[in-house]
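Protein chains: 2
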Amino acid sequence: MSSIKDVAMLAGVGVGTVSRVINNTGAVKPETRSKVKAAIEQLNYIPNEVARNFKMQKSKMVALMLPSIWNPFFSELAYYIEDELDREGYKLMLCNSGGKPEKEFYYLDMLRQNKVAGILGITYNDIENSVTTEIPIISIDRHFSKSITCVTSDNFEGGRLALRELVKAGASKPAFMGSITSVFSETMNRREGFVHEAKTMGIEHVIYEMPDPVEDKDTYYNNFFALHRDVDGVFAITDMFAAEYIDRASKLGIRVPEDVKVIGYDGIQDHPYFHPILSTIRQPVEEMARTSVRLLFRKIEGQTLERETYHLPIIFRQGETT
Amino acid sequence: MSSIKDVAMLAGVGVGTVSRVINNTGAVKPETRSKVKAAIEQLNYIPNEVARNFKMQKSKMVALMLPSIWNPFFSELAYYIEDELDREGYKLMLCNSGGKPEKEFYYLDMLRQNKVAGILGITYNDIENSVTTEIPIISIDRHFSKSITCVTSDNFEGGRLALRELVKAGASKPAFMGSITSVFSETMNRREGFVHEAKTMGIEHVIYEMPDPVEDKDTYYNNFFALHRDVDGVFAITDMFAAEYIDRASKLGIRVPEDVKVIGYDGIQDHPYFHPILSTIRQPVEEMARTSVRLLFRKIEGQTLERETYHLPIIFRQGETT
Numbered sequence: 001m002s003s004i005k006d007v008a009m010l011a012g013v014g015v016g017t018v019s020r021v022i023n024n025t026g027a028v029k030p031e032t033r034s035k036v037k038a039a040i041e042q043l044n045y046i047p048n049e050v051a052r053n054f055k056m057q058k059s060k061m062v063a064l065m066l067p068s069i070w071n072p073f074f075s076e077l078a079y080y081i082e083d084e085l086d087r088e089g090y091k092l093m094l095c096n097s098g099g100k101p102e103k104e105f106y107y108l109d110m111l112r113q114n115k116v117a118g119i120l121g122i123t124y125n126d127i128e129n130s131v132t133t134e135i136p137i138i139s140i141d142r143h144f145s146k147s148i149t150c151v152t153s154d155n156f157e158g159g160r161l162a163l164r165e166l167v168k169a170g171a172s173k174p175a176f177m178g179s180i181t182s183v184f185s186e187t188m189n190r191r192e193g194f195v196h197e198a199k200t201m202g203i204e205h206v207i208y209e210m211p212d213p214v215e216d217k218d219t220y221y222n223n224f225f226a227l228h229r230d231v232d233g234v235f236a237i238t239d240m241f242a243a244e245y246i247d248r249a250s251k252l253g254i255r256v257p258e259d260v261k262v263i264g265y266d267g268i269q270d271h272p273y274f275h276p277i278l279s280t281i282r283q284p285v286e287e288m289a290r291t292s293v294r295l296l297f298r299k300i301e302g303q304t305l306e307r308e309t310y311h312l313p314i315i316f317r318q319g320e321t322t
Numbered sequence: 001m002s003s004i005k006d007v008a009m010l011a012g013v014g015v016g017t018v019s020r021v022i023n024n025t026g027a028v029k030p031e032t033r034s035k036v037k038a039a040i041e042q043l044n045y046i047p048n049e050v051a052r053n054f055k056m057q058k059s060k061m062v063a064l065m066l067p068s069i070w071n072p073f074f075s076e077l078a079y080y081i082e083d084e085l086d087r088e089g090y091k092l093m094l095c096n097s098g099g100k101p102e103k104e105f106y107y108l109d110m111l112r113q114n115k116v117a118g119i120l121g122i123t124y125n126d127i128e129n130s131v132t133t134e135i136p137i138i139s140i141d142r143h144f145s146k147s148i149t150c151v152t153s154d155n156f157e158g159g160r161l162a163l164r165e166l167v168k169a170g171a172s173k174p175a176f177m178g179s180i181t182s183v184f185s186e187t188m189n190r191r192e193g194f195v196h197e198a199k200t201m202g203i204e205h206v207i208y209e210m211p212d213p214v215e216d217k218d219t220y221y222n223n224f225f226a227l228h229r230d231v232d233g234v235f236a237i238t239d240m241f242a243a244e245y246i247d248r249a250s251k252l253g254i255r256v257p258e259d260v261k262v263i264g265y266d267g268i269q270d271h272p273y274f275h276p277i278l279s280t281i282r283q284p285v286e287e288m289a290r291t292s293v294r295l296l297f298r299k300i301e302g303q304t305l306e307r308e309t310y311h312l313p314i315i316f317r318q319g320e321t322t
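Same order as they appear, the protein sequences are chains A and B.
Count the first sequence with the working numbering and you get residues 1 to 322, in order.
Count the second sequence with the working numbering and you get residues 1 to 322, in order.
The following block holds chain A by itself, in its conformation from the complex (with noise of 0.2 Å):
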């Protein structure tokens, strides 16, 4: 039976070439791929043994569970995330999670069983339970308890800098509008920036929120426009809450920016479809994609990272809605 090591005598390279070019990983010129692939059919090299090799290596496959690759801020993130996989070879697993947990779970055990080589994980499911901080996993937005590395845009920041610019365009009495989930989440602390800064600087301000995800939009918004017919700013979690505030304000005769001005947060619009343009805290949503890729890659290697949660700077970008 001959073995790699013939392959590669025969073909006339090192082992490690025939290795890449049975696994397809790393460069490989064509000239001696087709040498290696000649010598493997001389020789006929045992497919079994090529599968147990294969096994034996690190799978290069990292998994992405986020809510849904519909959401437009999701799928410019998993548009880098692949993106930056592919630099090193790692292929991308998508998983559309949506309040599914069990679906996360799977994903967890085919990790355990290094069917994975990693997982990034959007998720505002209650999976705490079952992740332990050794296992490569990187987290956006969702912050854990327990030290899984999270990586997120300055939240907290972002909520002051929004208060801060609804103030400036004449706003007396911002709300904030947002949803609470069970567990808790980074994007929480928008709400925390906003509270903050609104005391401090002695503005008034309102609070509305519903449990997440808010599958009742009617009720929703009918209710914020029942109670609070009287704020004159919106600071919306997303920018998703702000399109869908600014398109029912609309139908209720509610003008922005005149009556009330909106800001969102992620800054997802960079497209000729997306109308008026929203004033909005924009997430480096590229940086944030490379920077979990970089950050998960380290952990597969092994090594420890030096911070338990990575903030990434945020900046406000002036639309047509403040």
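A couple of the hints might just be wrong.
What the hints assert, rightly or not - Straight line, CA to CA, 16 Å or less: simulated EDC-like cross-link-like pairs of lysine to aspartate or glutamate:
hint, chain 1, residue 1, chain 2, residue 2
1, B, 173, B, 41
2, B, 100, A, 83
3, B, 100, A, 86
Unchecked claim - Covered by chain A, according to a simulated footprint, are these stretches of chain B (three or more residues, beta-carbon under 8 Å):
hint, stretch
4, 220–229
5, 300–311
Unchecked claim - Distance ranges between label pairs, derived from CB positions:
hint, chain 1, residue 1, chain 2, residue 2, range
6, A, 213, B, 102, 33 to 43 Å
7, B, 318, A, 183, 55 to 65 Å
8, B, 168, A, 277, 30 to 40 Å
9, B, 318, A, 247, 17 to 27 Å
10, B, 284, A, 247, 17 to 27 Å
11, A, 294, B, 168, 46 to 56 Å
12, B, 225, A, 247, 47 to 57 Å
No wet-lab data here; the hints were simulated from the structure.
Small disclaimer: the values here were computed from a predicted structure and weren't measured.
No residue lacks a Cβ here, since even glycine has one placed at the ideal position from N, Cα and C.
Position chain B against the provided structure of chain A, taking the given hints into account.
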């Protein structure tokens, strides 16, 4: 050395159940699962054998190649594809090929090596010579000359319908606005249907196209405005083209729909962000996604499909731009 039969006997279950637990496929009750796992541990059932058994199995992974997940049409499609794959326990591997044929070749290689069970592809690259009839690939929109099954919307009918709707809305000199892929794509039938209907009805019309992908948008749209200022209707090959046109037209003082009626293709707008609401030819995205997956499963099982191309019906959705 213990075998899978020993594990099954100790756990008091069938070999199939042990296999399902090991490979994480199919439904297994939590109690049964625990019993099997305990038996595996107690017998120190050899991981290599697990690996080999796993390897013997067909891969439960399907690769989705698309130009970019960032595009809202593709992210909606990906959402439903992942959902349909998940019903059968298949995982989705995501590849943004974005005009990089080498990335697509890489995935075709993975398919040959059984690292993926099948490929769903939206490609505009010329990978034709690397693809044969036997391998489980379903193409979306792209029609290969070889008999690779293609799932697409009824592009020809869509083009005809768009022309009729533009005329009905009052356009007397409508333009088709698109791009030309280097290989034949089903999307080209949008133009064919448009031209066919215009000729049948005796309507003066304009065809405006540049090679795909359109990198230099400024040149593309500026040329159009310079050459065809007299058109009073636009049928754009995708909603993205339509949105971009409307955005640029409004900056030049061209009013939509007063001066120019606009119809797009795709129907991705279901979103409070998107204004104005486009009049568009709506593709049945969910049905296209689920049909593609189910046809791929049949190909993976070695079945021969009845048809070469599956055309799914389109509808016209009235928006604010006609």
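Beta-carbon spacing of residue 284 of chain B to residue 247 of chain A - inside the hinted bounds 17 to 27 Å or not: 25 Å, holds
Does the Cβ-Cβ separation between residue 213 of chain A and residue 102 of chain B fall within 33 to 43 Å? 40 Å, holds
Distance restraint between residue 173 of chain B and residue 41 of chain B, which requires alpha-carbon spacing of 16 Å or less: Outside the cut-off at roughly 75 Å; violated.
Within 16 Å, alpha carbon to alpha carbon, are residue 100 of chain B and residue 83 of chain A? 12 Å, holds
That 30 to 40 Å hint for residue 168 of chain B and residue 277 of chain A (C-beta), does it hold up? 32 Å, holds
In this structure, is the beta-carbon distance linking residue 318 of chain B and residue 183 of chain A contained in 55 to 65 Å? About 43 Å separates the Cβ atoms of residue 318 of chain B and residue 183 of chain A, which means 55 to 65 Å is violated.
Under 8 Å between beta-carbons, do enough residues of the stretch 220–229 of chain B, three at least, approach chain A for the coverage claim to hold? Check failed, 0 qualifying residues.
Given a hint of 47 to 57 Å, does the C-beta separation of residue 225 of chain B and residue 247 of chain A actually sit inside it? 30 Å, violated
Hint says 46 to 56 Å; check whether the CB-CB distance for residue 294 of chain A and residue 168 of chain B agrees. 55 Å, holds
Given as covered by chain A, does the stretch 300–311 of chain B meet the bar of three residues or more with CB within less than 8 Å? violated (count 0)
Distance restraint hint 17 to 27 Å, applied to the beta-carbon atoms of residue 318 of chain B and residue 247 of chain A: 18 Å, holds
Residue 100 of chain B and residue 86 of chain A: Cα distance at most 16 Å? 12 Å, holds
Checked against the numbered hints given earlier, this structure breaks hints 1, 4, 5, 7, 12; the rest are met.
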